[in-house]
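With chain A's structure known, arrange chain B on it following the hints.
There are 2 protein chains.
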Amino acid sequence: MVTRLSHFFLRTLREDPADAEVTSHRLLVRAGYIRRAAPGIFTWLPLGLRVKAKIEGIIRDEMTNAGAYEVHFPALLPREPYEQSGRWTSYGDGIFRLHDRKGADYLLAPTHEEMFTLLVKDLYSSYKDLPLSIYQIQDKYRDEARPRAGLLRGREFTMKDAYSFDYTDEGQDASYQAQRDAYERIFQRLGLEYVIVAADNGLMGGARSEEFLHPIAVGEDTFVRSEGGYAANVEAYTTTAPGAIPFDGIGAPVIFDSPDTPTIQTLVDHANTHLAAPASGIAGPATDGATEWTAAHTLKNVVLALTHLDGTRELVIVGLPGDRDVDDKRAEVAFAPAAVEAATEQDFENHPLLVKGYIGPWSESGPVLGEESATGIRYLLDPRVVDGTAWITGANIDEKHVHTLVAGRDFTGDGFVEVANVRAGDPAPDGSGPVELARGMEIGHVFQLGRFFAETLGLKVLDENGKLVTVTMGSYGIGVTRILAILAELNNDERGLVWPASVAPFDVHVVATGKDAVAFELAERVSAELEASGLDVLYDDRPKVSPGVKFGDAELVGVPRIVIVGRGAADGQVELWDRRSGEREVVSVEDAVARLRG
Amino acid sequence: MVTRLSHFFLRTLREDPADAEVTSHRLLVRAGYIRRAAPGIFTWLPLGLRVKAKIEGIIRDEMTNAGAYEVHFPALLPREPYEQSGRWTSYGDGIFRLHDRKGADYLLAPTHEEMFTLLVKDLYSSYKDLPLSIYQIQDKYRDEARPRAGLLRGREFTMKDAYSFDYTDEGQDASYQAQRDAYERIFQRLGLEYVIVAADNGLMGGARSEEFLHPIAVGEDTFVRSEGGYAANVEAYTTTAPGAIPFDGIGAPVIFDSPDTPTIQTLVDHANTHLAAPASGIAGPATDGATEWTAAHTLKNVVLALTHLDGTRELVIVGLPGDRDVDDKRAEVAFAPAAVEAATEQDFENHPLLVKGYIGPWSESGPVLGEESATGIRYLLDPRVVDGTAWITGANIDEKHVHTLVAGRDFTGDGFVEVANVRAGDPAPDGSGPVELARGMEIGHVFQLGRFFAETLGLKVLDENGKLVTVTMGSYGIGVTRILAILAELNNDERGLVWPASVAPFDVHVVATGKDAVAFELAERVSAELEASGLDVLYDDRPKVSPGVKFGDAELVGVPRIVIVGRGAADGQVELWDRRSGEREVVSVEDAVARLRG
Chain A
1 MVTRLSHFFL
11 RTLREDPADA
21 EVTSHRLLVR
31 AGYIRRAAPG
41 IFTWLPLGLR
51 VKAKIEGIIR
61 DEMTNAGAYE
71 VHFPALLPRE
81 PYEQSGRWTS
91 YGDGIFRLHD
101 RKGADYLLAP
111 THEEMFTLLV
121 KDLYSSYKDL
131 PLSIYQIQDK
141 YRDEARPRAG
151 LLRGREFTMK
161 DAYSFDYTDE
171 GQDASYQAQR
181 DAYERIFQRL
191 GLEYVIVAAD
201 NGLMGGARSE
211 EFLHPIAVGE
221 DTFVRSEGGY
231 AANVEAYTTT
241 APGAIPFDGI
251 GAPVIFDSPD
261 TPTIQTLVDH
271 ANTHLAAPAS
281 GIAGPATDGA
291 TEWTAAHTLK
301 NVVLALTHLD
311 GTRELVIVGL
321 PGDRDVDDKR
331 AEVAFAPAAV
341 EAATEQDFEN
351 HPLLVKGYIG
361 PWSESGPVLG
371 EESATGIRYL
381 LDPRVVDGTA
391 WITGANIDEK
401 HVHTLVAGRD
411 FTGDGFVEVA
421 NVRAGDPAPD
431 GSGPVELARG
441 MEIGHVFQLG
451 RFFAETLGLK
461 VLDENGKLVT
471 VTMGSYGIGV
481 TRILAILAEL
491 NNDERGLVWP
501 ASVAPFDVHV
511 VATGKDAVAF
521 ELAERVSAEL
531 EASGLDVLYD
541 DRPKVSPGVK
551 FGDAELVGVP
561 RIVIVGRGAA
571 DGQVELWDRR
581 SGEREVVSVE
591 DAVARLRG
Chain B
1 MVTRLSHFFL
11 RTLREDPADA
21 EVTSHRLLVR
31 AGYIRRAAPG
41 IFTWLPLGLR
51 VKAKIEGIIR
61 DEMTNAGAYE
71 VHFPALLPRE
81 PYEQSGRWTS
91 YGDGIFRLHD
101 RKGADYLLAP
111 THEEMFTLLV
121 KDLYSSYKDL
131 PLSIYQIQDK
141 YRDEARPRAG
151 LLRGREFTMK
161 DAYSFDYTDE
171 GQDASYQAQR
181 DAYERIFQRL
191 GLEYVIVAAD
201 NGLMGGARSE
211 EFLHPIAVGE
221 DTFVRSEGGY
231 AANVEAYTTT
241 APGAIPFDGI
251 GAPVIFDSPD
261 TPTIQTLVDH
271 ANTHLAAPAS
281 GIAGPATDGA
291 TEWTAAHTLK
301 NVVLALTHLD
311 GTRELVIVGL
321 PGDRDVDDKR
331 AEVAFAPAAV
341 EAATEQDFEN
351 HPLLVKGYIG
361 PWSESGPVLG
371 EESATGIRYL
381 LDPRVVDGTA
391 WITGANIDEK
401 HVHTLVAGRD
411 FTGDGFVEVA
421 NVRAGDPAPD
431 GSGPVELARG
441 MEIGHVFQLG
451 RFFAETLGLK
461 VLDENGKLVT
471 VTMGSYGIGV
481 TRILAILAEL
491 NNDERGLVWP
501 ASVAPFDVHV
511 VATGKDAVAF
521 ELAERVSAEL
531 EASGLDVLYD
541 DRPKVSPGVK
551 FGDAELVGVP
561 RIVIVGRGAA
571 DGQVELWDRR
581 SGEREVVSVE
591 DAVARLRG
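Going down the list, the sequences are from chains A and B. Under my numbering, the residue at position 553 of the first sequence is numbered 553, and the numbers go up by one with no gaps. Under my numbering, the residue at position 20 of the second sequence is numbered 20, and the numbers go up by one with no gaps.
This is chain A alone, in the form it adopts within the complex (with noise of 0.2 Å):
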């Protein structure tokens, strides 16, 4: 049936939302497609839930293509299956909890594994019954401290979830593939430009982890490259180490006076100062060639505090080149399960050996950093510390430092630790050349959670030997509503929406102009032709409505293809506008109809 102007609800609006950061939310919402319901929360229009339901259907057919069939978990979810899985305390305050009204614990689900591997475990034991592929489109929940940027980050947002369930690896790396080719035809109908990174594995024990990541400015995540195809997100890059350095030869360390030196930056600008220039390459490659003390000479010796999920507070000291800091999400995913913060003041209290701005390993009355040192404290090194690598670095008596300190002779780490931030030019860990950074935002993650949850929940099967194996599983997210979003991010231009033909809420936008009723008869004849012929119809048939208000409102709108029915009606001429070029074209009305049908 075509949908008539005149009677569709539709308000398009002048102004900007006050609220707005985005390019997307602030075009959906002038355009008509959402509006805020609450903060990070929103009502969908007749036009955004057309757009929501397109890209679901495209998601659907790829699901069905990769043999996965369709489920649904309900969004409010008792305790009991997340306390068992510990997600219910790991969660914080991430997720909505309530009670219900016999004070039982539920909770407003912002992920389901769970209740898949409960389902499972529920109906199948065997191994014949597997491998097998189910998924959900469905509302979830996640209780965000700031929910921002409209359908980008908000608080009830559409998903589509897809699990995998194998019992050998074999089937897990088919049944993974067979979802990542699924997700890249997905995005491929979608016009949406996509990279598949290498993202950090979590805790889950599982082998493969790739995030689709679109390239965009406003994207929260950042991703390096290199030209020769290798592509990660930050927190999964890994450091390829140098190989060690003979230190036969090298001096013993030397305290030096270095007074008001607490940063880098003094400690290179007093060095350059009273020291003799520096040797090549004694820090690693990363000095090569340094005529110059620079701060990749130094190694900087940042105090961290982890908390970790039973409450206990450690304190752990990472030692890297004074040219690098510590990148908060490596931090974060390197020292997982347990939360990072910066050492506070009361730490150092608590610690009197750290003596602040001039922390070293190294004394020469004997270790002061590590497991087995005086301070006990756990002393991680960045993977460029290799041995054989010479340092200036606090000499742990104030205001004074240590040069020509050799790692592996005269100090040592409890072990190394990927925290360091990543760096254009750095090289890519494949060798395919140095990497880029870019910013992008995720759109799919693709992830073999291995046997955590299974384990956890009692998910085994029988396997050929009647013997009881442990299922494997992967896990599968597309994110529906932030797809939307990032499509509306990328398709538009200062007069409205440009859809993408996949996903525009209608095939076609019929304009009647004038007041003429053949023109409005014919337009009436030209929406009625396309929509039997299968195309979806957005008919402008507002009576005494300027043409300028309706151009307007198409451009803003942003069906890609508009029929203008006005002037030339009487002589079976219209003219065909498209909405991406701007490109307008007179053409008679059995032209437009084969063409739009074409």
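These are calculated hints, taken from the structure and not from any lab test. You may find that some hints are simply not true.
Which copy is meant is left open, so a pair is good if it fits within one copy or across any two.
Listed next, the in silico BS3-like pairs over lysine-lysine satisfying Cα-Cα at most 30 Å (straight line) [to be verified]: (1) Lys460 x Lys544; (2) Lys550 x Lys128; (3) Lys128 x Lys460; (4) Lys550 x Lys54; (5) Lys356 x Lys400; (6) Lys550 x Lys515; (7) Lys544 x Lys515; (8) Lys102 x Lys329; (9) Lys102 x Lys121; (10) Lys550 x Lys121; (11) Lys544 x Lys121; (12) Lys467 x Lys121.
Source: prediction; values computed, not measured.
Positioned in the frame of chain A, the structure of chain B alone reads:
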């Protein structure tokens, strides 16, 4: 794409679920349509989701035909709008409430009147924008005290709720009629018998309110209907008051001793032993021709306690013929929004003038019941207690009653009230004959809300004269998941479900039997051909499953048309099996495909 049982996510169960009270629940779980997640909260498995989608498709179709546009509100909503309408409080324990991380109050919406009203207020402002009908299909939440009967009374359930917006009463009538017509078409397409009954129009002040009830023994609603076409739920039934009776010449009231007669039955026995036989019709038409005293000659005075919204408690006494009882549901509606219960011992202690078992409106020293009486307690009469009717009732003295107490002469009420139970044989109020009582299940409700929400939330538009007028609204609900359950309740036999074609999860179920590759090849071809012609095919391609198990599953799952490909496959013969009639017919494969397509 043909759905293959060898991969499909389905596990039929041999045992009935322990908690299933009704057939639909039992079969939907056993046949793999739904699975319990929590009390009154279900997971939808692929088969169930397909049936649900078919029902939703029919509803969407007819909403579109009725000119309604689809929107979608959040399930998680802030308190404010519900505070404004007063429902945050009046919902009591019936809804799920929660806080977000900032402590703001939210609810899981049980209905969305407030949000629809505010959305239209937000976007529309002129009579030119109206009429408007918008709807959503949405998961709703009610914290039922006793979730039961599977999907029939759940805590999470899917509804279609539509609202119409008009600025004139005539407009509202047209919008109402359009939805009412759509409902008739929906239920016809679903093959679901319905009775449209007059319903109570509640507190909102609207004019029309009708329920679509499906007549079914497990139904929770009692309704009445006459052969002449009257139908109403018991809450909406109105008593036809007889005409007043002249009371000239009737003797004065006579107090008489009636020891040990605190109940109507003991009183009637006493009267028949000690009083002269009654004259005909003295207590109205109900006692015409009676030669003995009956309960219908007595006036029963029932003490009720109302709790008003502001928490105050008020006693009310209802005078009704002794052969009637107070119907709880009718009392609930009659006194809404106050809550009603029987008076407690404490209430009687607080009113020593009420002599329990011997309460009546009259005493020699003056009125005892009524706002102007000695007790000051409001006294409401059943409509049958018209002026001139003469009663035996309590004399307000222990073990004494009074007879020949004439309404309108010796006592009056503060008004009339419709709380007496309705009985088979009572007259339909429209004169269409005696009513019978039946049980039904509400499957839809069309309801003129009138201006309650628009007034409360400030939804006004400018009319043709530039005057602000309050919008009038209609509310139209259909329970999607409840309809699915009722269809399952109706369409089954001892072997399983038997879906109507309009909502069956698949159009055809193809079963390959035997070990002969020819059968599987032919079944494969038949499935592909049927699917290619637009039918949804479930193909049982399981290689090592016996025909018995396959047929049992087919019967349990309930796809109405089954094709068996087995023994005759080599000769191009298949069997067409009609699930409902049980008839099987051997036909050529070409014939089978042609007939299934037809």
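Could you place lysine 467 and lysine 121 in one of the four classes (within, between, both, neither) given a Cα distance threshold of 30 Å?
For lysine 467 and lysine 121, only the intra-copy Cα distance (16 Å) is at most 30 Å; the inter-copy one is 64 Å.
Indicate which option fits the pair lysine 460, lysine 544 if close means a Cα-Cα distance not exceeding 30 Å: within, between, both or neither.
between (68 Å within a copy, 23 Å between copies)
At most 30 Å between CA atoms: does that hold for lysine 102 and lysine 329 within a copy, between copies, both, or neither?
The answer is between: 25 Å across copies meets 30 Å, while 41 Å in one copy does not.
If the cutoff is 30 Å on CA atoms, where do lysine 128 and lysine 460 land: within, between, both or neither? Let me know, please.
within (12 Å within a copy, 63 Å between copies)
How would you classify lysine 550 and lysine 121 at a CA-CA limit of 30 Å: within, between, both, or neither?
between (56 Å within a copy, 23 Å between copies)
How would you classify lysine 550 and lysine 54 at a CA-CA limit of 30 Å: within, between, both, or neither?
within (25 Å within a copy, 36 Å between copies)
For lysine 544 and lysine 515, with the copy left unspecified, which applies at a CA distance of at most 30 Å: within, between, both, or neither?
Within. Shortest intra-copy distance 8 Å satisfies the 30 Å Cα cut-off; inter-copy 71 Å does not.
Identical-chain pair category, lysine 550 with lysine 515, by Cα at 30 Å:
within (13 Å within a copy, 66 Å between copies)
Copy assignment of lysine 550 with lysine 128, given that the CA separation must stay at most 30 Å:
Between copies only: 17 Å across chains, 60 Å inside a chain, cut-off 30 Å.
For lysine 356 vs lysine 400, is the C-alpha pair at or below 30 Å within one copy, between two copies, both, or neither?
Cα proximity of lysine 356 and lysine 400: one copy only (11 Å, versus 98 Å across).
Please work out whether the CA atoms of lysine 102 and lysine 121 approach to 30 Å or closer within one copy, between two copies, in both situations, or in neither?
Answer is within; shortest intra-copy Cα gap is 28 Å, inter-copy 37 Å.
Between lysine 544 and lysine 121, at a C-alpha cutoff of 30 Å, which is it: within one copy, between copies, both, or neither?
For lysine 544 and lysine 121, the Cα distance is within 30 Å only across copies (23 Å; inside one copy 62 Å).
This entry satisfies every hint, going by the numbered hints stated previously.
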